[in-house]
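Chains A and B, in that order, give the protein sequences. Under my numbering, the first sequence is numbered contiguously, ending at residue 114. Under my numbering, the second sequence is numbered contiguously, ending at residue 226.
Simulated from the structure, these hints should not be mistaken for laboratory data. Ideal Cβ placement from N, Cα and C applies to all residues, glycine included. Do not take every clue at face value.
On the chain B side, residues computed to face chain A include the following (Cβ under 10 Å) [what the hints assert, rightly or not]: (1) F150; (2) G155; (3) P196; (4) F216.
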Amino acid sequence: DVKVTQSSRYLVKRTGEKVFLECVQDMDHENMFWYRQDPGLGLRLIYFSYDVKMKEKGDIPEGYSVSREKKERFSLILESASTNQTSMYLCASSPSTGGGETQYFGPGTRLLVL
Amino acid sequence: KQEVTQIPAALSVPEGENLVLNCSFTDSAIYNLQWFRQDPGKGLTSLLLIQSSQREQTSGRLNASLDKSSGRSTLYIAASQPGDSATYLCALNTGTASKLTFGTGTRLQVTL
């Protein structure tokens with residue numbers, strides 16, 4: 001079975017802190033994604049990566065950056081956390097097969113910024 | 115820009131009922147459509163994936179259909195059980211690096 005793990009289930013941070021969310025997948029997938037999920041807004045794509053050291057902005061990249069130094073690991077960075085970044089963050093991965101495969105999701109990290 | 119709508123936002127049914135969840139989308143140029151399940155506070159689990167060239171997919175008590183011409187998909191759940199209680203999300207893959215566009219989901223509760 002594909003396994004996608006996220007470093008923390010719950011995080012509490014202060015406004016202005018730099019926050020790192022880590023995601024690791026064990027199936028050698030090329031594509032990795034970071035979403036945030038908010039009530040009434042659904043899942044929105046923040047950033048995605050289709051290869052090591054490659055990244056592309058999603059729909060809501062402002063205030064975030066990412067890092068993919070190794071194929072299995074995709075990190076989301078909140079440069080200076082703000083209260084409006086309080087949310088559920090979900091990581092996903094998928095193989096690169098021309099769009100025909102599903103995405104596999106991690107359990108999520110619920111982040112509270114005070 | 116692709117927009118995905120799921121109606122109703124919430125649904126409560128008694129155990130044993132058959133039910134249909136709806137998903138509509140604005141742009142029919144898709145690679146595939148997927149249905150996911152999300153339990154409270156958890157990640158998403160893929161249920162069914164329908165490729166653009168297919169009309170339906172079945173897995174156990176679940177059947178998903180796709181009508182690209184009308185921009186609609188349905189998820190049919192037969193003989194519902196309390197364990198089916200969850201939020202169901204549809205998502206469209208437009209093919210750009212497998213990016214998905216999600217609906218806001220239907221929260222289903224199956225009561226005893």
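The hints, checked one at a time:
For F150/B, the interface hint holds, since its Cβ comes within 10 Å of a Cβ in chain A; the closest pair sits about 8 Å apart. With 10 Å as the threshold, the beta carbon of G155/B comes within range of chain A, its nearest partner Cβ sitting at about 7 Å, so the hint holds. Violation of the interface hint for P196/B is found here, the shortest Cβ-Cβ separation to chain A being roughly 22 Å, above the 10 Å cut-off. A cut of 10 Å between beta carbons decides the hint on F216/B: the least distance to chain A is about 4 Å, and the hint holds.
The structure fails to meet hint 3 from the earlier list, while all remaining hints are met.
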